[in-house]
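Chemist: Sequences listed follow chains E and G, in order. Take 5 as the starting number for the first sequence in this note's numbering and just add one per residue. Take 14 as the starting number for the second sequence in this note's numbering and just add one per residue.
Hints should not be assumed to be uniformly reliable.
[Stated by the list, open to error] Pairs of lysine to aspartate or glutamate, EDC-like flavour, derived with a Cα cap of 20 Å:
(1) G:Lys-687 / E:Asp-31
(2) G:Lys-90 / G:Glu-680
(3) G:Lys-514 / E:Asp-67
(4) G:Lys-97 / G:Asp-643
(5) G:Lys-514 / G:Glu-449
(6) G:Lys-681 / E:Glu-123
(7) G:Lys-495 / G:Glu-449
(8) G:Lys-127 / G:Glu-110
(9) G:Lys-384 / G:Glu-354
(10) G:Lys-675 / E:Asp-64
(11) E:Lys-86 / G:Glu-185
(12) G:Lys-299 / G:Glu-332
(13) G:Lys-127 / G:Asp-142
(14) G:Lys-503 / E:Asp-64
(15) E:Lys-34 / G:Glu-680
(16) G:Lys-688 / E:Asp-24
(17) E:Lys-86 / E:Asp-67
(18) E:Lys-36 / G:Glu-185
Calculated from the structure, these hints are not laboratory results.
Chain residues, written in single-letter form:
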Amino acid sequence: MSTIIQNDCCVTDDEQKKFDQLANIIDLYKGKEGSLIQILHHAQEIFGHLPLEVQKYVADALDISLSEVSGVVTFYSFFSTKPKGKHTIRVCMGTACYVRGGKKLVERLQDILGVQIGETTKDGKFTFEIARCIGACGLAPAMMIDDAVYKQVNINKLESILSKY
Amino acid sequence: MVNLKINGKQITARKGMTILEAARENHISIPTLCYLNNVHKIGSCRICVVEVKGAKSLVASCMTEVGEGMEVYTNTKRVQKARKVLYELMLSDHTKECLSCSRNLNCELQELGKLLGVEETRFNGERSDVSIDEAVSITRDMSKCILCRRCVTVCGQIQGNGVLNPQNRGFETVIGPAMDIPIGDVDCAFCGQCTVVCPVGALKETDSTKVVWEALHDNNKRVAVQVAPAVRVALGEEFGFEPGTIVTGKMAAALHALGFDDVFDTNFAADLTIMEEGTELLIRLKNALTGTGDVLPMITSCSPGWIKYIEHRYPERLEHLSSCKSPHMMLGALIKSYFAEKVGEKPENMFVVSVMPCTAKKTEIAREEMKNNGLRNVDAVLTTRELANMIKQAGIDFMALEDEEFDNPLGMSTGAADIFGLTGGVMEAALRTVYELVTGRELPFEDLHVTPIVGLDQVKKAEVTIKDPVDAYSFLDGVTLKVAVTSGLKGARILMEQLDKGESPYHFIEVMGCPGGCITGGGQPRSEDADVRIKRLQGLYREDEGKKLRKSHENPYITAIYEEYLDYPSSHRSHELLHTHYVRRGKYNDLGGESFVIGRKKVEPQELKLEEAGIAKTSADRVKNRRNRDEAADIRLLALEAENSRLKNELSDAMETVEIYKQIVSEKAFLEKKKHMG
């Protein structure tokens, strides 16, 4: 497969390596129906997020339109088009967590981090997201930082939790 | 056959038919909105819901197949209520400025409201955060979009371009190009097929009527107008004529009545195109066959949608395009040079308007190459629909007009020019002239129609063998000329891929950007007639057959213009005025080319009018309040049902994601293992 990256001048060696890696993955899936989502998952793993250039690359390689790719990327909340922070905070907004104060957690975190839902802090440390039920309803309100689950979070404990990161 | 009952009436339907189709065949009408016959059915709007005995919930009749013994009710209280609530919910996020909307009185959403008897909209909720995206050809007003996705189907599946797709999710869904890029900056061909199928005012041609009115009212401007071949076979539909009715005479009369100083015919330039393009083909054939070498197949360049498409998708193939400007650009260039000189008018005082079946032409005139001496060849393009609106605005009774003629010297044309408006027409017109130039004999097809390329098939092919040519063309003796014709960008792609593989056997290819050709271009009237394509096609062939002169080179005004002004086809002057070059754009405009964005406007949400809490003063008020409460309870129930199904969907999405994850993990493990194993 030919490499279809524009602005060759601006592609660093590191980036090129990532695109090569992606090319290998696409070769693996090419021709299989419904493989777009899998490829995007891999691409996000490689690049950390899915910027326009990566979406274009996938669209060209699969011979589908860019708008179709971005349609899928923007549909699933797991995909992100913006760079993610070092750590991802996900506050559960499932029904149980919501009624037991999930919303208050979100408001407090917005204050502490100074960002809105879906955004990343200026220092690149945290990306702040909400999640739909993480399956810890008995521990509501719950939140996750990366893979760690925090149960029955008290808004006053938030700062000390964050300070561990 | 399947037996079923609709509203108690016993009917039979073919297996595989939907309830909607079966009902319509039996004269039972079910309202629809997103459904579009033969084009689009995805059941997204749910307006066509019906009650099926034994089914738990209402079903979308456009998606549900008939079943043996089925009992369907299309008009129960439950059905009526559901449709009304759905409609009102749709309206709650729709800009209701109907009076100032270009689709007023011509809007499927409006029609539906009338049909359902909706008198009020009770829901004042959140409004989508959207904007109006204006490009030179097309304007997207997403505050009016009802998410029916007809445009998605037309752009993706019929044209194969896929510029419009749903972006984001749920309430935030917007139909548009990737990542909110303006449509003037992506690889949209501006074919405008989306504007034909849009049921509301969300997708439309960018207005040009205002600038044309301004020019008409400006006493210092000499305003010339020209009309494309396909307009005359469709304009009548806007005034109640059958599709396919030719209204050339009335149209010329209407243009005179509107105040245009000169009413010319793009057909004249179509004849001219044949002379130029035919000559170019012969030059290329000569070079290719006598060893000098040249690029073949040559591909037609009349369709600006196709041109923009090839510039984005196949920028390395631009040499295959004929260098001829499209006919109306040629005529524009001649109006501001040849004609202006003739009548002693300064070219800068001339204002040229083209009436076209096309939205892409609006962008074509804005291209940098389409200028001579710093002046645009054409100043404004009106679609057929826009011309109809102007005629109505001017209070002209179109039906009552007496036929008039186009003005000369740029108003006369042969039958060959008429068929430029349909798929296969340019090729046939070219063959009529080229064959006769080369052999001195008439094209050997009955009635001059090259039958293999007549009709609406996606890709059509023909072969013409040349025998006993005149001396000048002896290099063509015994050569079988192979030609192909396609309409619609998907068909174009088939032929281009063939070319890429080195398997294209053709000498000459005609491409029109819209399926069926210009007769069903993106600027043509919206029609509910399923046979509109074939009717317009037949109409243009009739116009051709009705003419005495049916070959471009027989047009006496063409002969005259070469003698007086252009010298000979492909002369220095004709190259200056009538030919052009193309721009390598690339799929993402990464190779160059101008932007066609006009701008973006924010849509301010209308103010929320919160109803004041009613205080029951009289018994009538109390009754009203109770009724309101009951209604509200019903709506809550519907909303809960909807939420329930949404959550179910979300759950299945989540499950799907989990499955995908599992697969990825297992594949990864497998690969790791393989790596370890060596």
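Chemist: So, for every hint listed, does it hold in this structure?
Modeler: Quick rundown of the hints versus the structure:
Restraint check for G:Lys-687 and E:Asp-31: satisfied, since their Cα atoms lie roughly 17 Å apart, inside the 20 Å limit. Between the alpha carbons of G:Lys-90 and G:Glu-680 the distance comes to roughly 53 Å, so the proposed pair goes past 20 Å and is violated. Pair hint G:Lys-514 plus E:Asp-67 holds up; C-alpha atoms about 16 Å apart against a cutoff of 20 Å. With a C-alpha separation of about 15 Å, the suggested pairing of G:Lys-97 with G:Asp-643 holds against the 20 Å cut-off.
Only pairs whose Cα atoms come within 20 Å are accepted, and G:Lys-514 paired with G:Glu-449 is rejected, the gap being roughly 33 Å. Of the pairs offered as hints, the one joining G:Lys-681 and E:Glu-123 is violated, with about 30 Å between alpha carbons and a cut-off of 20 Å exceeded. As the CA atoms of G:Lys-495 and G:Glu-449 are separated by approximately 17 Å, the hinted pair is consistent with the 20 Å bound. Among the hinted pairs, G:Lys-127 with G:Glu-110 is consistent with the structure: their alpha-carbon atoms are about 16 Å apart, no more than 20 Å.
A hinted pair counts as satisfied when its Cα atoms are at most 20 Å apart, and G:Lys-384 with G:Glu-354 qualifies at roughly 17 Å. In summary, the hint linking G:Lys-675 to E:Asp-64 is not supported, as the alpha carbons are separated by about 27 Å, beyond the 20 Å threshold. Restraint check: the Cα-Cα separation between E:Lys-86 and G:Glu-185 comes to about 18 Å, which is no more than 20 Å; the hinted pair holds. In summary, the hint linking G:Lys-299 to G:Glu-332 is supported, as the alpha carbons are separated by about 17 Å, within the 20 Å threshold.
Straight-line distance between C-alpha atoms of G:Lys-127 and G:Asp-142 comes to about 28 Å, which puts the hinted pair past the 20 Å bound. As the CA atoms of G:Lys-503 and E:Asp-64 are separated by approximately 17 Å, the hinted pair is consistent with the 20 Å bound. A hinted pair counts as satisfied when its Cα atoms are at most 20 Å apart, and E:Lys-34 with G:Glu-680 qualifies at roughly 15 Å. Simply put, G:Lys-688 and E:Asp-24 have alpha-carbon atoms about 18 Å apart, close enough for the 20 Å limit, and the pair holds.
Between E:Lys-86 and E:Asp-67 the alpha-carbon distance is near 24 Å, which puts this suggested pair outside the 20 Å criterion. Pair hint E:Lys-36 plus G:Glu-185 does not hold up; C-alpha atoms about 30 Å apart against a cutoff of 20 Å.
In summary, the numbered hints that this structure violates are 2, 5, 6, 10, 13, 17 and 18.
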